[in-house]
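**Student:** Following the hints, position chain H against chain E.
For the protein sequence lines, the chains are E and H, in the order given.
Every letter in the first sequence is one number past the one before it in this note's numbering, and letter 125, counting from 1, is 125.
Every letter in the second sequence is one number past the one before it in this note's numbering, and letter 164, counting from 1, is 164.
Hint data in this document are derived by calculation from the structure and do not stem from the laboratory.
Backbone N, C-alpha and C define an ideal beta-carbon position, used for all residues, glycine too.
Heads up, incomplete: computed chain E residues facing chain H, CB under 10 Å, no partners named:
# : residue
1 : Q35
2 : Y184
3 : Q186
Protein chains: 2
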Amino acid sequence: MNSVIELLQQHRSIRQFKPDPLTPEQIEAIVASAQMASTSSNVQAYTIIAVTNPAAKAELARLAGGQAYVEQCGLFLVFCADQYRLKLATEQSGETFHQNTESFIVSTVDAALAAQNASVAAESLGLGICYIGGIRNQPDEVSRLLELPELVYPVFGLCVGVPDQDPSLRPRLPLGAVLHQGAYDQDAIREGIRAYDDITHAYYKERTGGRTLTTWSKGIADKYKQPVRAHIRPFLEAKGFQLS
Amino acid sequence: MNSVIELLQQHRSIRQFKPDPLTPEQIEAIVASAQMASTSSNVQAYTIIAVTNPAAKAELARLAGGQAYVEQCGLFLVFCADQYRLKLATEQSGETFHQNTESFIVSTVDAALAAQNASVAAESLGLGICYIGGIRNQPDEVSRLLELPELVYPVFGLCVGVPDQDPSLRPRLPLGAVLHQGAYDQDAIREGIRAYDDITHAYYKERTGGRTLTTWSKGIADKYKQPVRAHIRPFLEAKGFQLS
Numbered sequence: 001m002n003s004v005i006e007l008l009q010q011h012r013s014i015r016q017f018k019p020d021p022l023t024p025e026q027i028e029a030i031v032a033s034a035q036m037a038s039t040s041s042n043v044q045a046y047t048i049i050a051v052t053n054p055a056a057k058a059e060l061a062r063l064a065g066g067q068a069y070v071e072q073c074g075l076f077l078v079f080c081a082d083q084y085r086l087k088l089a090t091e092q093s094g095e096t097f098h099q100n101t102e103s104f105i106v107s108t109v110d111a112a113l114a115a116q117n118a119s120v121a122a123e124s125l126g127l128g129i130c131y132i133g134g135i136r137n138q139p140d141e142v143s144r145l146l147e148l149p150e151l152v153y154p155v156f157g158l159c160v161g162v163p164d165q166d167p168s169l170r171p172r173l174p175l176g177a178v179l180h181q182g183a184y185d186q187d188a189i190r191e192g193i194r195a196y197d198d199i200t201h202a203y204y205k206e207r208t209g210g211r212t213l214t215t216w217s218k219g220i221a222d223k224y225k226q227p228v229r230a231h232i233r234p235f236l237e238a239k240g241f242q243l244s
Numbered sequence: 001m002n003s004v005i006e007l008l009q010q011h012r013s014i015r016q017f018k019p020d021p022l023t024p025e026q027i028e029a030i031v032a033s034a035q036m037a038s039t040s041s042n043v044q045a046y047t048i049i050a051v052t053n054p055a056a057k058a059e060l061a062r063l064a065g066g067q068a069y070v071e072q073c074g075l076f077l078v079f080c081a082d083q084y085r086l087k088l089a090t091e092q093s094g095e096t097f098h099q100n101t102e103s104f105i106v107s108t109v110d111a112a113l114a115a116q117n118a119s120v121a122a123e124s125l126g127l128g129i130c131y132i133g134g135i136r137n138q139p140d141e142v143s144r145l146l147e148l149p150e151l152v153y154p155v156f157g158l159c160v161g162v163p164d165q166d167p168s169l170r171p172r173l174p175l176g177a178v179l180h181q182g183a184y185d186q187d188a189i190r191e192g193i194r195a196y197d198d199i200t201h202a203y204y205k206e207r208t209g210g211r212t213l214t215t216w217s218k219g220i221a222d223k224y225k226q227p228v229r230a231h232i233r234p235f236l237e238a239k240g241f242q243l244s
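One chain only, chain E, in its complex shape (with noise of 0.2 Å):
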């Protein structure tokens, strides 16, 4: 154990800001960070857009449900998957682009892994952050308002800014449910869904003085027994995304 793994064990999401906003230093140390994340063959196929206009952070709070720590946070970044960069980087050598399932799931991952970086970064500066994925849940309005190209979308969002709460750690699956030796368990995966619904069960009632009494497969089935985000697909084919 060091300092770093008692950082990264100590995450949790923060959804209470102070409106302070983040010095020029902070925010280069975050995206600097986040540049050195690994990338698939170099490519760096992201693109990070800073949002600190307020106007335009209480539009995309609204936009992502009405997230009020959207509109709060010092400093709110939207990361998206960009093979914009790649189509102009392909044509500029005379080349066509080619693009697919592939390279929109590279494009994604390179996405997350930077964002990891910039949240532990922040972390590390004593700010908090809270990953927004209703930034997806009116994709369209959030890419006129970023003036978005085709074969870009956005990810996530990510708020940063001063903790105004201290809320505790949320428990994960057990370990067994997660790390598997050598080929994929479907017992453990089993038991550990059941274990898991005990100590979230315990967790929610404590957390709520006895007024929730759930499980998480209660709640995984309760967002999952309908489609969520449908219009996601039709989306990225608008964009010139080709899943195919």
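**Tutor:** What follows is chain H alone, placed relative to chain E:
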């Protein structure tokens, strides 16, 4: 600047490892750190397969395109996007599991966020890492070897081990090509490619004693002038993923 940010900004991939295995304490610290990464609505839609068996590592090295470091490294982790566990949890409540491109993105991103935390934790322990996208070269065979069920796919591998080399840092795209204020800036992208081509031309020339005269955009064009891993979409379909 602090020691965490220094660590993040000193990352370079390691492709030559000493044969030393990791200690159980190291593995636990790495995986526990991975688990504390952010996850969309706490779905934790990833599973990590740890491979330490020499024959299995040798086979994965071969499947990944003959990358010797997959065999050499003390620990090889395969990060899988996992919707199978979500399906089990949903069906346990008597509901039908719905998946689509959105849940594909969520599970892929969750795997990536966990992996980047694992990487940072490993590097904080003095270990080296290298992401292996080559795990998607022959995903059918990898899936069979790791016994991956439906709705689970190997996103990438991660070599972890004791470094046996000390490579230099690789320059990244200029900040202006990656970080935009308020809206996507196409001029900054074009300018960034130009500037980065100069930087990478000098970098490759110097690193190879003048033998390699290329640029980033030429490398991108070479990669994307034909389809890359066009088998991924049919592979995913065969594994039950609906990219609808």
